[in-house]
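Student: Protein chains in written order, with the numbering used here: chain D, 1 to 331; chain G, 1 to 272.
Simulated from the structure, these hints should not be mistaken for lab results.
Just to be clear, a hint being listed does not mean it is correct.
Simulated crosslink set (EDC-like; lysine to aspartate or glutamate; CA at most 16 Å straight-line) [as the list claims (entries may be wrong)]:
| no. | chain 1 | residue 1 | chain 2 | residue 2 |
| --- | --- | --- | --- | --- |
| 1 | G | LYS125 | G | GLU139 |
| 2 | G | LYS37 | G | GLU76 |
| 3 | G | LYS125 | G | GLU108 |
| 4 | G | LYS174 | D | ASP211 |
| 5 | D | LYS247 | D | ASP175 |
| 6 | D | LYS34 | G | GLU108 |
Not the full set, but computed from the structure, chain G residues with beta-carbon under 10 Å of chain D [stated by the list, open to error]:
| no. | residue |
| --- | --- |
| 7 | SER67 |
| 8 | TYR70 |
| 9 | LYS88 |
| 10 | TYR90 |
| 11 | GLU91 |
| 12 | GLN95 |
| 13 | THR118 |
| 14 | GLY119 |
| 15 | MET124 |
| 16 | GLU255 |
| 17 | ASN259 |
Computed from a prediction, not measured in an experiment: that's the story for all the values here.
From the three backbone atoms N, C-alpha and C, an ideal C-beta is built for every residue, glycine too.
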Amino acid sequence: MGADFYYTIEVILNGLMAGVLYALVALGFVLIFKASGIFNYAQGVMALFAALTLVGIMEGQVPFSHLINAVFGTQIHDFGWHVPALLAIILTMVVMVGFAWLVQKYIFRHLVGQEPIILFMATIGLAYFLEGVGDLMWGSDIKTLDVGLPQGASLWIEENTAFLGGDDFYGFFIDQLDVVAAMVAAILVAVLVIFSQYTKQGRAMRAVADDHQAALSVGISLNFIWVLVWSLAGFVALVAGIMWGAKSGVQFSLSLIALKALPVLMLGGFTSIPGAIVGGLIIGVGEKLFEYSVGPMIGGATENWFAYVLALLFLVFRPQGLFGEKIIERV
Amino acid sequence: MLDDTESYVTADGRTIGGVVLDLKSITLRFGGVEAIKNISFDIREGEIRAIIGPNGAGKSSMLNVISGFYVPQEGEVWFRGERRPQMKPYEVAQQGIARTFQNIALFEGMSVLDNVMTGRLNKMKTGLWSQALWKGKAEREENENREAVEKIIDFLEIQSIRKTPVGRLPYGLKKRVELARALAAEPTILLLDEPMAGMNVEEKEDMCRFILDVNDEFGTTIALIEHDMGVVMDLSDRVVVMDYGRKIGDGTPDEVRNNQDVIDAYLGVSHD
Numbered sequence: 001m002g003a004d005f006y007y008t009i010e011v012i013l014n015g016l017m018a019g020v021l022y023a024l025v026a027l028g029f030v031l032i033f034k035a036s037g038i039f040n041y042a043q044g045v046m047a048l049f050a051a052l053t054l055v056g057i058m059e060g061q062v063p064f065s066h067l068i069n070a071v072f073g074t075q076i077h078d079f080g081w082h083v084p085a086l087l088a089i090i091l092t093m094v095v096m097v098g099f100a101w102l103v104q105k106y107i108f109r110h111l112v113g114q115e116p117i118i119l120f121m122a123t124i125g126l127a128y129f130l131e132g133v134g135d136l137m138w139g140s141d142i143k144t145l146d147v148g149l150p151q152g153a154s155l156w157i158e159e160n161t162a163f164l165g166g167d168d169f170y171g172f173f174i175d176q177l178d179v180v181a182a183m184v185a186a187i188l189v190a191v192l193v194i195f196s197q198y199t200k201q202g203r204a205m206r207a208v209a210d211d212h213q214a215a216l217s218v219g220i221s222l223n224f225i226w227v228l229v230w231s232l233a234g235f236v237a238l239v240a241g242i243m244w245g246a247k248s249g250v251q252f253s254l255s256l257i258a259l260k261a262l263p264v265l266m267l268g269g270f271t272s273i274p275g276a277i278v279g280g281l282i283i284g285v286g287e288k289l290f291e292y293s294v295g296p297m298i299g300g301a302t303e304n305w306f307a308y309v310l311a312l313l314f315l316v317f318r319p320q321g322l323f324g325e326k327i328i329e330r331v
Numbered sequence: 001m002l003d004d005t006e007s008y009v010t011a012d013g014r015t016i017g018g019v020v021l022d023l024k025s026i027t028l029r030f031g032g033v034e035a036i037k038n039i040s041f042d043i044r045e046g047e048i049r050a051i052i053g054p055n056g057a058g059k060s061s062m063l064n065v066i067s068g069f070y071v072p073q074e075g076e077v078w079f080r081g082e083r084r085p086q087m088k089p090y091e092v093a094q095q096g097i098a099r100t101f102q103n104i105a106l107f108e109g110m111s112v113l114d115n116v117m118t119g120r121l122n123k124m125k126t127g128l129w130s131q132a133l134w135k136g137k138a139e140r141e142e143n144e145n146r147e148a149v150e151k152i153i154d155f156l157e158i159q160s161i162r163k164t165p166v167g168r169l170p171y172g173l174k175k176r177v178e179l180a181r182a183l184a185a186e187p188t189i190l191l192l193d194e195p196m197a198g199m200n201v202e203e204k205e206d207m208c209r210f211i212l213d214v215n216d217e218f219g220t221t222i223a224l225i226e227h228d229m230g231v232v233m234d235l236s237d238r239v240v241v242m243d244y245g246r247k248i249g250d251g252t253p254d255e256v257r258n259n260q261d262v263i264d265a266y267l268g269v270s271h272d
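If we strip away everything but chain D, and leave its shape as in the complex, we get (with noise of 0.2 Å):
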C-alpha cells in the first residue's frame, strides 16, 4: 500500500473526528425539536453561552463587569480567583438550567400551541438576546479555554502508525483533542440513550415527545418535561461548548456551529439521536475526502458548501433523513 492510500485513511479519521463535533451540536436540536417540537435555532447560542460562562467562573471574571464599571465608575474586573475546571464545569451547568427554566417559564410556556414558524422565530429571538447577554456578561474578546484537555498531534498514534506506510509515510497525524472529544460524545451518547431508555423521566420525555394530550393523561407535566430537556440541551450546549471552545478559543463566531448542526440534521432526521451521530459522521468524513480529492482541482474551500448540498441531496430523495420517522400521509 502507497502513503496516498494511508493519507486517505488519515483524512477519513480527521474527518470521523470532526464530525463528532458537529453530532454534538446536532443532538441538542434533537433532544429539543422532539419533546417539544421546536427548532432551536439558538443551540449554537447557547453552546457559545455555555462556553463563556465557563471560562468566566473559571478565571473568576465578574458577571457584567463592564456594565457595572460604566454605571458605578468603578475598576472591578475580577474576583481575584481561579476556581478549578471540576466545580467550574458544575457551576456552569447550574447556570444552563437555570436557563432552561427562565426559557420554559418566560418564553415557550406561552407559546404552547402555536404555529412552528412562530415557535422558531422565538428562538431566532433567543438566540441573538442570549449572544447579547453573553456580551454584556462576560466581555465580547476571544478567551482561551483550559480545561486541562491534552492538545495538539498524538506523538503515540505517530509513532505506532509510522511504520505502515514505507519511506513516504509518518504515521496517522490525529490531534489529541479530537479523540478526547470523540470519546466524551460516544459516552454522552450512551448516557442519554440509558437514560431515555431505562429511566422515569426518560420514559416521561419520550410520552411527551410522542403525544402531549396521552402525556398529560398519564400524570406527566409538561413543563417539567421541557425544562428538564432543555436543561439537557444546554448541558450538551456546554459539553459542545467546551470541545469547540478548547479547539479554536471561545468567540462569538463558535455560535455559528449550529449553521454547521443544520446539513447533519437534514441528513440525519430532526428526530433520531443515532441519526444525529451517523448524519454529522458522514458530513465530517464526507467534507474532508471532497476537499482532499476534489478540493485541488476546483479551487479548494469546498468544506463551506459541500455539506450543504449533500444535505439538499438528501432532501431531494428522503425528507425525512436517514433515521427519521417516515412521513406517511394517510387518505
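Assemble the complex: chain D is given as a structure, and chain G must be docked to it using the hints.
Tutor: Relative to the frame of chain D, chain G by itself:
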C-alpha cells in the same frame, strides 16, 4: 334515597360503596355556547356509571371536566369527600383518575409494553438521581412495576403484541392498549370515552367483557360514555342522560328506559 356514605349490594352480588366523585352544578361555556348547563350527579365507589345522550349533548365535555382538560365556569367537583381545587390534567391523573380518549391518544412510536409502562409513571417514587445512577432501589421498583404491567397485559389478552409498536396495531387493539395503560395506574376512577366506538360486534363483546371483568376483579369505579344503548343497559349500574347540555335523566337502566323525557329526546317515540 341512599345516603352519600351508605353502601348497597347489587343483584349480581357486587358491593357499591359511598359517593367517590360528586359533581355539583357544573356549567361549562365556550364563548357564548353553554356546553354543560348546571349539571349535578355523583359516582359511587365500585359502580359502572354510564353517560349517554345524542351527539353534541356535552358528554365528552363532562368527561373532560372530570379529568381536568376543561375548566368549568361554575360548579364544584368533590373527590373523596373534599372539594377539588382547579387542577391541571396531569394533577388529576396523579390523584387517581385515569382516562381513555374518544380518538385514542397513545404513544404511537412506542411498543405496547412501553405504552402500558407509562401508566405506572406515578407509581415510581425513586428520584431523578437514584434513577440516573441505577441504584438497586430503582431497579427493584422497575421490576415491581413491570410485574404489575405484565399482569394487566395478561388480563386484557394482549401478550402476543407486547413488543409491537402501537402505530402498527388495528383500531380495536389500540383501544384495548389504551385501556391497559389507564388500568396500569391502578386508578380510583376510570373514565372511558366511547370505548366501543367504531368497533365490530366481536370487538364490542370483548371490550364489554373486559370492562365488566375490570370492575369485578379490581373493584375499579368506571364512568363511561357510550352510544350503543344495548351495551349501556347491560353494563351499567346507573345512567346519566344528557341532551343539549342538560341532564334529562338519572337512575338505573330500567328507570331511564321508562323515563318519558329520555324516550322523547334520545330513544325516539315508539311507533306501535
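Student: Does each hint hold? Answer for all of them.
Tutor: Each hint, compared with the structure:
Of the supplied pair hints, the one linking LYS125 (chain G) and GLU139 (chain G) holds, its CA atoms being roughly 12 Å apart against a limit of 16 Å. Note on LYS37 (chain G) and GLU76 (chain G): the hinted pairing holds, with a Cα-Cα distance of about 13 Å set against a maximum of 16 Å. Using a Cα cut-off of 16 Å, the hinted pair LYS125 (chain G) and GLU108 (chain G) is violated, with the two alpha carbons roughly 26 Å apart. At most 16 Å may separate the alpha-carbon atoms for a hinted pair to count; LYS174 (chain G) and ASP211 (chain D) meet this at roughly 15 Å.
At most 16 Å may separate the alpha-carbon atoms for a hinted pair to count; LYS247 (chain D) and ASP175 (chain D) meet this at roughly 10 Å. In summary, the hint linking LYS34 (chain D) to GLU108 (chain G) is supported, as the alpha carbons are separated by about 14 Å, within the 16 Å threshold. A hinted interface residue such as SER67 (chain G) counts as satisfied when its beta carbon comes closer than 10 Å to some beta carbon of chain D; here the least separation is about 7 Å, so the hint holds. For TYR70 (chain G), the suggested interface contact is broken, since its CB lies about 13 Å from the closest CB of chain D, more than 10 Å.
For LYS88 (chain G), the suggested interface contact is upheld, since its CB lies about 7 Å from the closest CB of chain D, less than 10 Å. Evaluation of the TYR90 (chain G) hint against chain D yields a held restraint, the C-beta minimum of about 5 Å falling below 10 Å. Annotation: GLU91 (chain G) was flagged as interfacial toward chain D, and the flag holds, the nearest CB pair being 8 Å apart, inside 10 Å. The beta carbon of GLN95 (chain G) is positioned within 10 Å of a beta carbon in chain D (closest approach about 9 Å), and the interface hint is therefore held.
Hint on THR118 (chain G) holds. Least Cβ distance to chain D is approximately 5 Å, under the 10 Å limit. Below 10 Å, beta-carbon pairs count as interface contacts, and GLY119 (chain G) has one with chain D at about 5 Å; its hint therefore holds. A least Cβ separation of about 5 Å between MET124 (chain G) and chain D falls short of the 10 Å threshold, and the interface hint therefore holds. A hinted interface residue such as GLU255 (chain G) counts as satisfied when its beta carbon comes closer than 10 Å to some beta carbon of chain D; here the least separation is about 32 Å, so the hint is violated.
For ASN259 (chain G), the interface hint is violated, since its Cβ never comes within 10 Å of a Cβ in chain D; the closest pair sits about 33 Å apart.
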